[in-house]
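Given chain A, work out where chain B should sit, using these hints.
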Amino acid sequence: MSTWELEARQISKQFPDGTCALQDIDWRVQKGETMALIGESGSGKTTLLRLLNRLVEPSSGTILIQDRPAKTQDPITLRRRLGYVPQDGDLFPHWTIRHNVCLVPQLLGWTTDQQRDRLNTLLTLVNLDPAQVADRYPIELSGGQRQRVAVARALAADPAIVLLDEPFSALDPLTRHELQEQFLSLKTQLHKTMVLITHDISEAFRLGDRITVLKDGRIHQIGTSQALIDTPATPYVASLVQHHLGLERK
Amino acid sequence: MKRWLSYTHNVRATHVGLLGRSLLRVLVFLIWVSPLLASPNTTIVVGSKNFLENRLLAEMFAQLIEAQTTLQVERRLGLAGTQVCFEALKTGGIDLYPEYTGTGLVTILGEQPMRDPAAVLNHVRTEFRKRWDLWWLAPLGFENSYALALRRDRAQALGLRTVSDLVKVAPTLKAAFGYEFIQRADGLPGLKKLYGLQFREVVGMQQSLKYQATNKGDVDLLDVYTTDGRLAVYDFVVLEDDRQFFPPYDATALVRGATLERHPQLGQVLSLLTNALSPARMRELNLRIQEQGEAISQVAYDALRDLHLVKEEHQPATATLKESTSFVSYMWERRATLMVRTGEHLGLAGTGLLLGIMLAIPLAFILERWRKGAEAIIRAIGMSQTIPSIALLAFMIPLFGVGVLPAIMALWIYSLYPILRNTFSGLRDAAPSVVETGRALGMTEWQILRSVRLPLAAPTIMAGIRTSAIWTVGTATLAAFIGAGGLGVPIVAGLQLADVHLILSGALPATILALVVDSLLGWIERLLRPRGLETSQ
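Line order of the protein sequences matches chains A and B. Counted from 1, the first sequence has number 197 at position 197 by the working numbering; the numbering is strictly sequential. Counted from 1, the second sequence has number 448 at position 198 by the working numbering; the numbering is strictly sequential.
Excised from the complex, chain A in its bound form (with noise of 0.2 angstroms):
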């Protein structure tokens, strides 16, 4: 047993219009470890997630999660045990918030009072009260709300590994700072292996413990924030950080 959680080993996806998402990947995390995945859109952050839980397959390499391969996986399983936080929450609009949060739980086969528990549970690790959000629905919350909800969501069937999709970009300034806090809160109190995609290094730096910095389906480096800021291994690298730390001055 090595301690990888999620393994990437020479993966190389293209599409079939012919565009090459990722090239010859190599790419780790460890179990409980949060991994912050930034790059500008087209760099192949959405698509390394998506390989993750299969609803992308590999041109070539291999999947491990949890050691295993991927592809001996069954796809609908393996989703099932990979939590899922997408931008803008994505809640089905025409479900109660007990059914969103429930959904995977339903899944698999819960019994009521399990999953009247665990939702009560997931709603409060959230900072929402069960009492007062469990039957309304979606358009009825605020965005902030929402995208709480598609975080207890994610962790409602207790998965070891959450893989979060810009989980708070689509949030104004004040309710994203306010929802990193809980993240970060969340992260110590969980021990769960995340990934955790990004356009914004100030997030990632903030959220993650380790940073992949991808542009045009290449690895440019993986490390702490403190290595990416000691010794950037590219130009983009370094001016990812000069970025950041711009903006820490201000």
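Some clues are possibly wrong.
[Unchecked claim] Covered, in the sense of this in silico footprint (three residues per stretch, anywhere, with C-beta under 8 angstroms from a C-beta of chain A), are these stretches of chain B:
(1) 685–691
(2) 697–709
(3) 768–782
By construction, these hints were calculated from the structure, which means they are not laboratory data. Since we're looking at a predicted model, the values are computed, not measured. Where a beta carbon is used, it is the ideal one built from N, C-alpha and C, also for glycine.
Only chain B this time, still in chain A's reference frame:
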């Protein structure tokens, strides 16, 4: 799976309930119509074309059979033209209808006109028996030929007596002809060829309208039936067919051989009318319907009574006279009939629509999973919308005979496209990012379709069903042309009689029906709209 079912049931309890109940209703309706679809062996179905004299003759046949035999008679009167009647007869949708020998020769057999009435009769008798086992009974005693006519003062001013006289002035004249006359080989095309006629303008017009138009001077010339009662009312001159173009049109019953064999008494009873009606008598009878507004059933009864063929107690229901009553009381008097017609109408449109829903929605589900062929198939079904409704109805006759069944089939085909198109695009375009999230969280494609796409597409699907419903209710008025009943019956009859009240008595309820159906479906649409989407509207 069970858990999943109960889960989705919670999501939209009304969904499942409504679907179940509508399915039940379809079944009940199918059981209800099935006896109508299969006529029992003791029932004779009498058809007629959609003009008055033909209806009158058919009604006389029907009453005669009722009075003289124990057979049941079903009336399918006012079918749209020769082709529809003949197809219906051939396929057994009707057992008999009144036909004219010349029409049999030229329109049906497609042969050159012949002049000798006896020769024509013998020829059509031999050919029809040989080809289709259809029997021409002995003629009724009058000929109803085509002729050209115009106002007496116009004829005198132009110095017209014969069709040959017409040739030189025709390029300055505007003619109003019946739709069938314009098409038939023994009508305008043949007439133009033989005489070398060329009119300034030819407009297709409905029978009673062209009399009015000619009388007012809007058009110069019209085609008439020589037994038309209106020739006596309007001061029109009939031009002599001096080159003998029009073949003889002896009227008689055209009957299926199989029917005659099954009910030998039928032939005997119908031949009681042999040579019983003179041209003058026929004009008189036609006039009573055309101008005095008497009910066809009443006039048919009187004619048979004068021939001592029916007993007094067989008198049909009281005739409604065309009097200048107010429209409201007119509608009120006819309320019983109108209720029945509305029921028929709703039955036709409703069955067509329900069958449409039952095919189009599952098909859309399949096509949504099989996108490659989807667009082609949807387009192909969309083509059915471009077939004029009356033509589509006519196409159904060789396949399903006349009456309720072909009408429902045609309405079914009509109802498909809007439902299919809306269901397909509704399912395909339903909130793509939400669908993707469902997938990422581990829902199967089927679960996504069933619990995400379908509920989110429900409003779009219902909009398609509403469009379809309006079309179907509208198109069902045309079902009267193939003898399927409905609110089209008073409309078609009213057009023949130029009776505005009669037309409105069908058109108005049809419009109201469309509005009611639309708002009812609108209500269901609101019911089906997922609650979470409601507040965003």
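Structure-based check of each hint:
Check on the segment 685–691 of chain B: 6 of its residues sit with their Cβ under 8 angstroms from a Cβ of chain A, so the three-residue criterion for coverage holds. Only residues whose beta carbon comes within less than 8 angstroms of a beta carbon in chain A count, and the segment 697–709 of chain B has 4; three or more means the coverage holds. Closer than 8 angstroms: that is the beta-carbon criterion, and the segment 768–782 of chain B has 3 residues meeting it against chain A, so the requirement of 3 holds.
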